[in-house]
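Visitor: Each chain, letter by letter, is given below.
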Amino acid sequence: MSLETYKHDMLRCTRCSYCKWIPFENFRNSDFVKGCPSVARYNWHAYSAGGKFNIALSFLEGRIPYSDTFLDAVYKCQMDGSCDVSCKSVQDIEPLQLMQELRIKCVEDGQVIPAHSSVIEGLQKTDNMMQKSRNDRGKWAKGLNVKDLTKEQAEVYFHAGCKYSFDEGLWNTARDMLTMLIDASVDVGIMGDAEMCCGGRAYELGYKDELIKYASRHEKTLKKAGVKTIVTPCAHGYQTMKVLYDKIGKKLEPEVLHITEYIDRLIKEGKIKPKKKVPLTVTYHDPCHLGRLAEPWIHWNGKETKVLGQLIVHDPPKKFRRGANGVYGIPRDILKSIPELKLVEMYRIRAAAWCCGSGGGVKEAYPDFAIWTATERINEAKTVGAEAIVSACPWCTQNFRDAIKETGEKLKVFDVMELVQESI
Amino acid sequence: MELTDLEYKALEDIVGSENISREPAILETYNQVWGNKLVFGQKWSPRPAAVLLPGSTEEVQAIVKACNRFGIQFKPFSSGFEITAIGLVSDKAIMLDLKRMDRILEVDVKNMRAVVEPYVSVHRFQVELAKYGLYYGAIAAGPSAGVIASACCHAGSGQTNVFAGAIERNVLGAEWVLPTGDVLKLGTAASGDGWFSADGPGLSLRGVLRGHCGANGGHGVITKVSVKLYPWYGPAELERAGEIPAYRAVKQVPDEYKVFVISFPTQDNGFDALAEIGKAEIAISDYQIPLPPGGNLGEGNDEMWESMKNLDEEARKMFATMVIVIIGSKSKRELEYREKYLLKIIEKFGGSLPPPLNAPMVQSGLFDASMFSFGSVRHVFRLTSDFFINPCADASEGLIKNLHRAAKEAMGPYWNNGTILQVGSAIFHPVYENYTVGAHHEDMYMYDPYDPDSLEGTKELVSKTIDPNGKFRRLGVPCLGGGLQFEPATHIHQTWGPLYDNYDVWQRKIKAALDPNNTADWGCYVPPEYP
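Protein chains in written order, with my numbering: chain F, 1 to 424; chain D, 425 to 955.
Isolated chain F, as found in the complex (with noise of 0.2 Å):
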């Protein structure tokens, strides 16, 4: 894959807009039909996906060289994939994989803004995205009983994440994650200060060398632990390791489950029990990660073709990622199937959610942005009557509870595993 890869999609990119807006279909509320965050706060063009398809071509054909302008129109981007929903709701191209190949583009020509530098510095000394030590990152499961695979072999494997293992604020909801497994029998074991990054998000930010290097990595170790599925709570960790590992050709070998997932089989295997009551209105924000852009990767190898004269196809027929087959029912289920919590659900939801703020490198370099984008989902909450958001993903729950903060908003934020605990 390359830039040049999409310049066929990039001439046919017919500046329709869909890509500002979630799909029409799914417009539910006047007030709540923009679909992409960063062109809802800049405006101009260049910020939506129709407009990278611009920036893209015209750069590769030399009319307009890298500028701050440039730059700041590829990175305010949480690259959340609310535009590529939309687009092909009715085309055939793909506007995340360009935004995401303009990125790679821009790093490999040095093209980089510094918070993202400094992240990735930081990545490439500590193995971890938060810039500490690595000698920290088992901190969080300090005194739970549980196998250590470094040094022996479990069936599942949990994998943190660096935002479950360097944020104090969500340590507890960690352990108590990993401590529902162990109550309910699973042969589970973590790496402790071993754990690493997954890749994900520097790749995000287009450091592509960096996901080469660590799912290699995460394949070696975890053929040694013996590990048959690996569970983690961070969403993005998930899409990483199940889709874009696969993206790459380094298909896991473990099955990956986000703990939704793996919670639902236990509640519905009768071993996880949710009994007290919860008595609370909630509505539930559909992760990016867990959602739309957690769709399995799909490989396709063919060339496109013409039928009836000018009729666009492919050969062999070539099926498209469209975000219809992300996570979108369990965690729902998972809460409904807790008493007396009341589950309302917002305006924009599953595949055309709004996004949190957080991804795409814009909580480590624009926090105000990420903040904007967190308050247009917490007013949307607020709207639909819920008293909390709930959240599967540690980066949008942390960035929820940082906007309520700076707005002094009083609706709580949860992780779905935290109610499910507290009615255990």
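In short, the hints are calculated from the structure, not lab data. The reader is advised that the hints may include incorrect statements.
Listing some non-contacts, in silico: residues in chain D with all C-beta distances to chain F over 10 Å [said to hold, decoys possible]:
1) Leu430
2) Asp623
3) Lys764
4) Pro922
5) Tyr924
Calculated lysine to aspartate or glutamate pairs in the EDC-like style (CA-CA distance at most 20 Å, straight line) [what the hints assert, rightly or not]:
6) F:Lys318 x D:Asp726
7) D:Lys675 x F:Glu387
8) F:Lys34 x D:Glu661
9) F:Lys336 x F:Glu304
10) F:Lys319 x D:Glu667
11) F:Lys319 x D:Glu730
12) D:Lys733 x F:Glu387
13) F:Lys306 x D:Glu661
14) F:Lys306 x D:Asp875
15) F:Lys306 x D:Glu727
16) F:Lys34 x D:Asp726
17) F:Lys34 x D:Glu667
18) F:Lys318 x D:Asp526
Chain F side only, calculated, beta carbon under 8 Å to chain D, not exhaustive [stated by the list, open to error]:
19) Ala46
20) Gly62
21) Gln91
Note that the Cβ used here is the ideal one computed from N, Cα and C, for glycine as well.
Fit chain D to the known structure of chain F by using the hints.
Guide: Below, chain D without anything else, positioned relative to chain F:
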């Protein structure tokens, strides 16, 4: 040509530094749109000297006055989804991206009208109106089109015009920043009596405002419009089932509506039935649009082709003569009456309701496609990448039949040699608004601008259909307003005006009166001077 620092600063002072840009990376996203390759020979039209994001009428007014002062041309747009929106003539021109003016200002439920700003899209509007039991009308350009753009600025038509009127005739008032920077209000809005009649008391310039094709920004900026609304019989919020993209459609057609997909023995039978249904005043939607089977619901071209390729001749014919009718009413009795009447018309013209075309899932998809124009981008762009429309006319039913035959004659060789994809001629609806408008007809052809044979064939075909001395002369002035009207390339007014009462002379007089300094970009309106 770049703006001088003085000029730029003057504009910046109006909108603020965050709402103006002359950065190449920004400007290069305001000159790429479908159709450019056909007209300009490349993906790019001329790059603007700057783009501005005004947030109010006052800012628009101040910008326009500054343009007059400095000799800069301007072009406003809302969604920007056409050459007519972003094609520029002058190399010293700015664009006004009206994205920040996106408010639904008023919904007057009792009087069935609403006032909106330029960046209110048709579907966002519909969703808001449904809460009040109101409906605006579909524009075939699709749900992303601006309400103001479709009502005041471009030529366009929609699948529910038989019920909700021709789109351009729903204007009840407008606030218009003229190319001089003066603000004009039309009709009752000007006399301060509310925005309920564009014809007065007060100035009535509805014809000048848009004519048939619209001025496409060539005579100023429409900053507010009041439009007439129609009843919505369905629920305040429609429940849609399935995941996008393939099967996301209304879960079921609301009880207050019924969808009929009718096949007729011949296309002429279909046309006659369309007209009769229109005259009967029983339909919400009444049109023919021969789609590739699965075109509306298919996930992508490959899936669509899969469903098409094994169709036998009989089935293909069924799709080619397909007429879609939607009836509706709040009253069950009235709905029954309308259905009975419709069935009699179907019988009269030998029509049938083939079960596969009337399956619930197909009906749900067609309900969305007809009432809200979902799928229009799928139909016209995904198939081959680009499309063109000509002829495109609002005319009597007799002329429509002739037009259809002539267009088929013109296009036939090109779809036979594979230059274009022909999915059929589309009669969207007979518009029998006071029996004065007649039917709307478009002949659409899909081509691939990045396939040299397809591009050259399409250019040749376009040249033939806009040739004032060719076969199409008898069919009237080509109306390219909803497609690719770009005067410096097509010279429609210059070459066709003398054949039709020198209408262009009057059009140019209007332009000169409204825009003495030639400040509003005229590329998609009328040239002040002919080359």
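Visitor: Does each hint hold? Answer for all of them.
Guide: Hints, one by one, checked against the model:
no., hint, result
1, Leu430, "holds (22 Å)"
2, Asp623, "holds (29 Å)"
3, Lys764, "holds (32 Å)"
4, Pro922, "holds (35 Å)"
5, Tyr924, "holds (32 Å)"
6, F:Lys318 x D:Asp726, "holds (7 Å)"
7, D:Lys675 x F:Glu387, "violated (30 Å)"
8, F:Lys34 x D:Glu661, "holds (18 Å)"
9, F:Lys336 x F:Glu304, "violated (45 Å)"
10, F:Lys319 x D:Glu667, "holds (15 Å)"
11, F:Lys319 x D:Glu730, "holds (12 Å)"
12, D:Lys733 x F:Glu387, "violated (53 Å)"
13, F:Lys306 x D:Glu661, "violated (40 Å)"
14, F:Lys306 x D:Asp875, "holds (11 Å)"
15, F:Lys306 x D:Glu727, "holds (14 Å)"
16, F:Lys34 x D:Asp726, "violated (29 Å)"
17, F:Lys34 x D:Glu667, "holds (18 Å)"
18, F:Lys318 x D:Asp526, "violated (38 Å)"
19, Ala46, "holds (4 Å)"
20, Gly62, "violated (11 Å)"
21, Gln91, "holds (5 Å)"
The structure shown violates the earlier hints numbered 7, 9, 12, 13, 16, 18 and 20.
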